[in-house]
Amino acid sequence: GAGVSQSPSNKVTEKGKDVELRCDPISGHTALYWYRQSLGQGLEFLIYFQGNSAPDKSGLPSDRFSAERTGGSVSTLTIQRTQQEDSAVYLCASSLEGGHGYTFGSGTRLTVV
Amino acid sequence: GENVEQHPSTLSVQEGDSAVIKCTYSDSASNYFPWYKQELGKGPQLIIDIRSNVGEKKDQRIAVTLNKTAKHFSLHITETQPEDSAVYFCAASRNAGKSTFGDGTTLTVKP
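Residue numbers (my numbering), protein chains in the order written: chain D, 2 to 114; chain B, 1022 to 1132.
I should point out that these hints are in silico values taken from the structure, not numbers from a laboratory.
Since we're looking at a predicted model, the values are computed, not measured.
Misleading hints may appear alongside valid ones.
[Unchecked claim] In silico DSBU-like pairs for lysine-lysine, Cα to Cα no more than 30 Å straight-line: (1) B:Lys1063 with D:Lys16; (2) B:Lys1079 with D:Lys12; (3) D:Lys16 with D:Lys58.
[Claimed, not checked] Some but not every residue of chain B turned toward chain D, in silico, with C-beta under 10 Å: (4) Gly1037; (5) Ser1049; (6) Tyr1053; (7) Ala1091; (8) Ala1112.
[To be verified] Label pairs and their calculated CB-CB ranges: (9) B:Pro1029 with D:Gly52: 33 to 43 Å; (10) D:Gln42 with B:Asn1074: 39 to 49 Å; (11) D:Ser67 with B:Thr1090: 25 to 35 Å; (12) B:Pro1132 with D:Ala55: 32 to 42 Å.
Every residue gets a Cβ at the ideal spot worked out from N, C-alpha and C, and that includes glycine.
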């Protein structure tokens, strides 16, 4: 597509439920990233996929968080047993490869109640 | 790992004045330095970038300078306009690596 597409744009979930966030990157971009942005805060790195290499998971805050990228394209970020501190905007970005500029999606605003 | 510090956290200027945002980085192997603009409710958008083999780059009213020795880089916006009001993020990365972002600068341009 023309840009990075994220769905849903908004998600309200009850504490303890699992959620899945989807990212559809720009076609041909081999690198895909997930970041988290809390209200008024900076960008916290979560995970980075580059081609067929093992993903860099060093930013995942706990084992409740996981992500996969199927067929080198669409990625899903899963948060299990959501907690209130998981409330944030989850941003996905893609780039031609690592070390290049990102194109960000509009994000998914997650609210855990 | 890389650490990027960004200053100031907030900046208010009069329309038509210049704005400067500064960042420092810690990893001497970083060689790519992009700047992003984030408007309310949107994802950050790449506005300009510079690689370590270049000292300065300009695109209309915005410019970026890089001092590799001192490990700092700056964003310069001239003739500011109200639509320049946004949050600006600097970042640094290595070849084939992920970007580490600064904490952001909220720029307000007063008409």
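Now for the hints, and whether the structure bears them out:
no. : hint                               : result
1   : B:Lys1063 with D:Lys16             : 26 Å, holds
2   : B:Lys1079 with D:Lys12             : 40 Å, violated
3   : D:Lys16 with D:Lys58               : 24 Å, holds
4   : Gly1037                            : 28 Å, violated
5   : Ser1049                            : 15 Å, violated
6   : Tyr1053                            : 5 Å, holds
7   : Ala1091                            : 22 Å, violated
8   : Ala1112                            : 8 Å, holds
9   : B:Pro1029 with D:Gly52: 33 to 43 Å : 38 Å, holds
10  : D:Gln42 with B:Asn1074: 39 to 49 Å : 33 Å, violated
11  : D:Ser67 with B:Thr1090: 25 to 35 Å : 42 Å, violated
12  : B:Pro1132 with D:Ala55: 32 to 42 Å : 51 Å, violated
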